[in-house]
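*Asks:* Following the hints, put chain B in place on chain A, whose structure we already have.
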Amino acid sequence: MIPELGHISLITHLILSLFAGTVPLAGLFLGRQSFLLHIERFSLILFSLITVSFLCLVYSFLMDDFSVAYVAQNSNINLPYYFKFAATWGAHEGSLVFWILAMNAWLIGFTFLTKSKDKKFSQLVFSISCQVMFAFTLFTLFTSNPFERILPVPPLNGSDLNPSLQDIAFTVHPPLLYLGYSGLLIPFAIAVAAMLFQTETRVWASYARPWALLSCGFLTLGIALGSWWAYYELGWGGWWFWDPVENAAFVPWLLSVALFHSLITSQNRGLFGKWSVLLSIFAFATSLLGTFLVRSGILTSVHAFALDPERGVFILAILAFFIIGSLTIYSVKDFAKTSSNTTYTLTSKEFGFLLNNLLLVILAISILFGTIFPLIYESITAGKKISVGAPYFEAVLFPFALALGALQGLALFLGWGKTTSFTFLKRLILESASIFILVLLILFILFDNLYLNSFVIIFLATWIAAGTLQFGKIGSKDYFKIIQRRSAVIFAHVGMAILTLGIAVVTNYSLEKEILLAKGDSYQIEELDVSFDSIEDSVGPNYLSKLAKVSFTEGSSTKQVIAEKRTYFPSGQPTTEAGIETEVFKDLYVSMGDNLEADIWSFKVQVKPFIRWIWLGALLIAIGTIISGVRLTRRL
Amino acid sequence: MNPIRKQRLYALIAILIGSLLATWLVTSALSENMNLFYSPTEIKVANLDNEILVRAGGMVKEGSIIRDTDSLNVTFTVTDYQNELIIKYEGILPDLFDENAGVVVRGNLNTDGTFTAIEVLAKHDENYMPPEVAEMLIEEK
Numbered sequence: 001m002i003p004e005l006g007h008i009s010l011i012t013h014l015i016l017s018l019f020a021g022t023v024p025l026a027g028l029f030l031g032r033q034s035f036l037l038h039i040e041r042f043s044l045i046l047f048s049l050i051t052v053s054f055l056c057l058v059y060s061f062l063m064d065d066f067s068v069a070y071v072a073q074n075s076n077i078n079l080p081y082y083f084k085f086a087a088t089w090g091a092h093e094g095s096l097v098f099w100i101l102a103m104n105a106w107l108i109g110f111t112f113l114t115k116s117k118d119k120k121f122s123q124l125v126f127s128i129s130c131q132v133m134f135a136f137t138l139f140t141l142f143t144s145n146p147f148e149r150i151l152p153v154p155p156l157n158g159s160d161l162n163p164s165l166q167d168i169a170f171t172v173h174p175p176l177l178y179l180g181y182s183g184l185l186i187p188f189a190i191a192v193a194a195m196l197f198q199t200e201t202r203v204w205a206s207y208a209r210p211w212a213l214l215s216c217g218f219l220t221l222g223i224a225l226g227s228w229w230a231y232y233e234l235g236w237g238g239w240w241f242w243d244p245v246e247n248a249a250f251v252p253w254l255l256s257v258a259l260f261h262s263l264i265t266s267q268n269r270g271l272f273g274k275w276s277v278l279l280s281i282f283a284f285a286t287s288l289l290g291t292f293l294v295r296s297g298i299l300t301s302v303h304a305f306a307l308d309p310e311r312g313v314f315i316l317a318i319l320a321f322f323i324i325g326s327l328t329i330y331s332v333k334d335f336a337k338t339s340s341n342t343t344y345t346l347t348s349k350e351f352g353f354l355l356n357n358l359l360l361v362i363l364a365i366s367i368l369f370g371t372i373f374p375l376i377y378e379s380i381t382a383g384k385k386i387s388v389g390a391p392y393f394e395a396v397l398f399p400f401a402l403a404l405g406a407l408q409g410l411a412l413f414l415g416w417g418k419t420t421s422f423t424f425l426k427r428l429i430l431e432s433a434s435i436f437i438l439v440l441l442i443l444f445i446l447f448d449n450l451y452l453n454s455f456v457i458i459f460l461a462t463w464i465a466a467g468t469l470q471f472g473k474i475g476s477k478d479y480f481k482i483i484q485r486r487s488a489v490i491f492a493h494v495g496m497a498i499l500t501l502g503i504a505v506v507t508n509y510s511l512e513k514e515i516l517l518a519k520g521d522s523y524q525i526e527e528l529d530v531s532f533d534s535i536e537d538s539v540g541p542n543y544l545s546k547l548a549k550v551s552f553t554e555g556s557s558t559k560q561v562i563a564e565k566r567t568y569f570p571s572g573q574p575t576t577e578a579g580i581e582t583e584v585f586k587d588l589y590v591s592m593g594d595n596l597e598a599d600i601w602s603f604k605v606q607v608k609p610f611i612r613w614i615w616l617g618a619l620l621i622a623i624g625t626i627i628s629g630v631r632l633t634r635r636l
Numbered sequence: 637m638n639p640i641r642k643q644r645l646y647a648l649i650a651i652l653i654g655s656l657l658a659t660w661l662v663t664s665a666l667s668e669n670m671n672l673f674y675s676p677t678e679i680k681v682a683n684l685d686n687e688i689l690v691r692a693g694g695m696v697k698e699g700s701i702i703r704d705t706d707s708l709n710v711t712f713t714v715t716d717y718q719n720e721l722i723i724k725y726e727g728i729l730p731d732l733f734d735e736n737a738g739v740v741v742r743g744n745l746n747t748d749g750t751f752t753a754i755e756v757l758a759k760h761d762e763n764y765m766p767p768e769v770a771e772m773l774i775e776e777k
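Protein sequence lines correspond, in order, to chains A and B. Sequential numbering from 1 applies to the first sequence in the working numbering. Sequential numbering from 637 applies to the second sequence in the working numbering.
A few of these clues could be false.
[Said to hold, decoys possible] List of simulated lysine-lysine pairs, DSBU-like, C-alpha gap at most 35 Å:
(1) A:Lys513 - B:Lys680
(2) A:Lys546 - A:Lys519
(3) A:Lys384 - B:Lys724
(4) A:Lys384 - A:Lys274
(5) A:Lys549 - B:Lys697
(6) A:Lys120 - A:Lys426
(7) A:Lys115 - A:Lys384
(8) A:Lys546 - B:Lys642
(9) B:Lys697 - A:Lys333
(10) B:Lys680 - A:Lys519
(11) A:Lys274 - B:Lys724
(12) A:Lys384 - A:Lys426
(13) B:Lys680 - A:Lys473
(14) A:Lys119 - B:Lys697
(15) A:Lys513 - A:Lys559
(16) A:Lys274 - A:Lys115
(17) A:Lys519 - B:Lys697
(18) A:Lys119 - A:Lys274
(19) A:Lys549 - B:Lys680
(20) B:Lys680 - B:Lys697
(21) B:Lys642 - A:Lys513
(22) A:Lys418 - B:Lys642
(23) A:Lys384 - B:Lys680
(24) B:Lys724 - A:Lys546
(25) A:Lys473 - A:Lys519
For the record, the hints were derived by calculation from the structure and aren't laboratory data.
In isolation and in its complexed conformation, chain A is listed as follows (with noise of 0.2 Å):
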């Protein structure tokens, strides 16, 4: 009974996201006050139903009712009751619910949050985003249906959760990034009603800043998660690996980024109104696009969702619909108009938000161009398959974060209309070389070692940090109000600089050796020396494991750490789990292989110096967006 439940309530929510996304919109250009709804009560309609849908899903896994299809494909009697809950949301048919879940909140917190004096335009843009979330419940209802049974005989035990993905930071990457995604539907809602409207430039731009802020924080937390996940989890090491799933992540999150801060200068100055209309549109419509390019199995990928043709073709439908339809009022409509007459020059604000956005588009369409030319490729050429590596998207990036990097240490200190006066780039340089200098010294004693390769990205790194700091010190006649007034920002781009710096030294001063040790034995990479002081097997609640105990020396200092070699017994899927000794500057790691003979055992080992610095970089990133955006919602 409970799964009809959750159908019945799905289809509900498709019936009224229907009769919400085409009601008001008749009304408002017919001109009939009856059809408008009552938007706060209607919102919450809508989120309940789909939350009874997902409550349904997630009840059928705890209680393992395996005549669900979903459940049955994604969980097991075996899996502990936490990872059953995950597994709601750890496939296809179930990402989806939690999906317009989440777009469901993202609107509640519209139209209860954007007070806006201007009544229509919220109904317009609670219609346009009901659109949006009846075209998802389509999508779900007949191509992924997470509440279809196998009747009449079910199966007495399911096929288990896929093992790589019983994981703690699994259980909440997913959601981040579903929430981050779907986020980006309220700048476009916002973008398109603002073109249908004819809304001023500033006024549109206030109401849709702290969304797209929110969405790049939780996009930002979701990414970041997925990449300590995959160090750990899948026994590599490493924490980027340019797969197109990752790209179809970045590609969006470019985007939330070069559009928030053009809605900075659209909200202030009334400028770029066209530019963030259209900067909405493919912000989402990249959201979806990586969807499509994820589900529809198009492009080899590590993430192996259940692939199916017909998805993807339904995916690229909605797209479509939803681009095709906004970029022609986009092309008919006369908008953007800004009621002040401001100009700017090279040394302005604006002329530097100008090139932020450039540099973060060109490069967001450089990334997505490599990530489906295999596809172009193939149709071109007739079926000849190629794929397109990392090195290509590390040469494209690195020009491209020099010169972002390059102008964030000055873009603070930049005046709108003009800058009046350069006296901070003394200071600037001064302070950026300094910390540069220091920073090599604190390198050069932990690690003996000083490349120079990695000198121009320290020197980004050292050079934004500066330019922020010094930011915020700026006109402190009362210290404590300036730091607090400008915190977001300062999370936000001191974040970028530890990122950047993670990624300089990460990149060049790792260690990585697969070496094979017998029991006993021993292994001495240059400093550190490598032993394997003993095998066990153990038993998890539902898989078989092997357990190494590796122990590192290094001086005097001992660190023992546990790798394991997991089997899951449902599928009997192998997982590796890697033994990680984290310090403040480096990461030791060990990662398991084979067992060659009774027992010698293959290992990867690893000493990865400032890993950690890449993910604390962007959890401040992503604190920095979601303080500015929670702090701008309460100004709506």
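*Replies:* Relative to the frame of chain A, chain B by itself:
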């Protein structure tokens, strides 16, 4: 020039320079980092340059995995059920690497017709087949 037109000119020049640089960057990076995929049958007739990095793939032949016991060297044979290709690799194989599983390798062809891999790919999911291999098997069966 009036300030508004001047402003547009700045934007236009920035966009122009940006896109030109990006185009140059993308094409040069792409031409160096594109790896073509070959099945064992295709690799036989392709007459490949030994220097070029390519990708190859197929099913791992049963009983073909030979590991060294005192090093990380391993050889195995991939097949498309018409032709076979011997792959040499030094390193740890991915978790899901197994007999009768689809794999994709990246590396270069040796003069003796064997293939030296610098990377062996298998996927997160045991039921998952690399699309290249899946399509190859459908085409050639």
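*Asks:* For this structure, which hints from the list above don't hold up?
*Replies:* Checked against the structure, the hints that fail are numbers 4, 6, 7, 8, 9, 10, 11, 12, 13, 14, 19, 21 and 25, while the rest are satisfied.
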